[in-house]
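Residue numbering for the sequence shown follows our numbering, beginning at 1 and increasing consecutively.
There's no promise every hint is true.
As the list claims (entries may be wrong) - Cβ pair distances, simulated, as ranges:
hint: 1; residue 1: N62; residue 2: W10; range: 25 to 33 Å
hint: 2; residue 1: K186; residue 2: S270; range: 22 to 30 Å
hint: 3; residue 1: F245; residue 2: S81; range: 43 to 51 Å
hint: 4; residue 1: P53; residue 2: L6; range: 18 to 26 Å
hint: 5; residue 1: K112; residue 2: W10; range: 18 to 26 Å
hint: 6; residue 1: S169; residue 2: F227; range: 17 to 25 Å
hint: 7; residue 1: S49; residue 2: H187; range: 44 to 52 Å
hint: 8; residue 1: N11; residue 2: L304; range: 53 to 61 Å
hint: 9; residue 1: L198; residue 2: W10; range: 43 to 51 Å
hint: 10; residue 1: K315; residue 2: N190; range: 27 to 35 Å
Honestly, the hints are just simulated from the structure, not real lab data.
Note that CB positions come from ideal geometry on N, CA and C, so glycine has one too.
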Amino acid sequence: MKNKTLYRQWNIFNLIYAKSNRGISKQELSTEFQVDAKTIVRDVSMLSSVGFPITEEINPANKRLYYYLAIRYVKPEIYFSNSEAYSLFTMMKLGEPMRGYFDKSIDNCFDKIYSKNASSFLKIARKLTHVVLPDSNNYVEVNDDSHVKFKSILESIFSNTQIEFSYRSIYSNSIKHHLVSPLSIKHFKNNFYLAAYLKRKDTLLIFALNRIFDLRKTTKRQDIISFDPDEFFDEAFGITQGEVFSVKLQFDKSIQQFISERVIHPNQISEIDAEGNTTICFKAKSMQETVSLVLSYQDKVKVLEPVELVDEIGKVLKRIAKVYSTTN
Numbered sequence: 001m002k003n004k005t006l007y008r009q010w011n012i013f014n015l016i017y018a019k020s021n022r023g024i025s026k027q028e029l030s031t032e033f034q035v036d037a038k039t040i041v042r043d044v045s046m047l048s049s050v051g052f053p054i055t056e057e058i059n060p061a062n063k064r065l066y067y068y069l070a071i072r073y074v075k076p077e078i079y080f081s082n083s084e085a086y087s088l089f090t091m092m093k094l095g096e097p098m099r100g101y102f103d104k105s106i107d108n109c110f111d112k113i114y115s116k117n118a119s120s121f122l123k124i125a126r127k128l129t130h131v132v133l134p135d136s137n138n139y140v141e142v143n144d145d146s147h148v149k150f151k152s153i154l155e156s157i158f159s160n161t162q163i164e165f166s167y168r169s170i171y172s173n174s175i176k177h178h179l180v181s182p183l184s185i186k187h188f189k190n191n192f193y194l195a196a197y198l199k200r201k202d203t204l205l206i207f208a209l210n211r212i213f214d215l216r217k218t219t220k221r222q223d224i225i226s227f228d229p230d231e232f233f234d235e236a237f238g239i240t241q242g243e244v245f246s247v248k249l250q251f252d253k254s255i256q257q258f259i260s261e262r263v264i265h266p267n268q269i270s271e272i273d274a275e276g277n278t279t280i281c282f283k284a285k286s287m288q289e290t291v292s293l294v295l296s297y298q299d300k301v302k303v304l305e306p307v308e309l310v311d312e313i314g315k316v317l318k319r320i321a322k323v324y325s326t327t328n
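Start from the sequences, fold in the hints, and give me the full structure.
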């Protein structure tokens, strides 16, 4: 571990602080951190040298050296550097379109941070509010109870219990009731999606959280299945599931720099030919998402594989041409 010594010293201080009433012996610290007594003495000496009021005393009963902290000593609050503050508030700002899922909890967290840090920290927060802007396009509006729903799903995942809810299909607009074992939540295009196991169909399904309503936690234990969320979503190329197929795309050299700066797919393999064109290969599960990707690059990309993808794009382009065709 990087800075292993510093990490150990900080933990030694916290342990002395926790045991400050009765003290903690050098031998106990040596056993706890699996280092020799000389290392403990050196670490405690370093802590004392930077201002922590650690005292030592030999217990006459067992002849052991014990460490204490000064009476009424209060551990200092944790403060943030400017660099840490920039990072923290930037992440908060970028997540703004999703704040409906967290009610006031994020604001409460930062109120606590403001109260424990210098006024300059609050100035940074106010400045970043106008400097860093999130992607506010194409996000999903959430309901007033979205934060309750999000919290209930996480609690059920952590407690290994099932949930039941009603779900409105985006395709048919029909409503179905489901009892599922919630497994994982995926953030995709400014929305959250739940991966869950439906026992009555012995299948994994994905539900958009904004289309879930009347959710109720149950005491029923989750169904035990083998599930790896990273593997499940990696090849999905979004959140739509299906059969795995191989994709091979060739991007025009005019956007080579732009493509080189982006990861189209987490498992992609890229290659630049002699003419400067970029070929990217990956596996996907969603024909719909892959078609959307290709069309987003307009005439700057050509599908080399599979034939089915070429055919599907051809069909979509014909439908688009029909929509925009001029009729007299």
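We went through each hint and held it up to the structure:
Taken as a hint, the range 25 to 33 Å holds for the pair N62 and W10, whose Cβ atoms sit roughly 27 Å apart. The beta-carbon spacing between K186 and S270, approximately 24 Å, falls within the hinted interval of 22 to 30 Å. Distance hint check: the CB atoms of F245 and S81 are about 48 Å apart, consistent with the given range 43 to 51 Å. Under the hint 18 to 26 Å, the C-beta atoms of P53 and L6, about 20 Å apart, fit the expected range.
The supplied range of 18 to 26 Å is met by K112 and W10, whose beta-carbon atoms lie about 21 Å from each other. The supplied range of 17 to 25 Å is met by S169 and F227, whose beta-carbon atoms lie about 23 Å from each other. Against the hinted window of 44 to 52 Å, the Cβ-Cβ separation of S49 and H187 comes to about 46 Å, which satisfies the hint. Hint check: N11 to L304, Cβ distance near 55 Å, so the stated range 53 to 61 Å holds.
For L198 and W10, the hinted distance range of 43 to 51 Å is satisfied, since their beta carbons lie about 46 Å from each other. Separation of K315 from N190 is about 28 Å and conforms to the stated range, judged on CB atoms against 27 to 35 Å.
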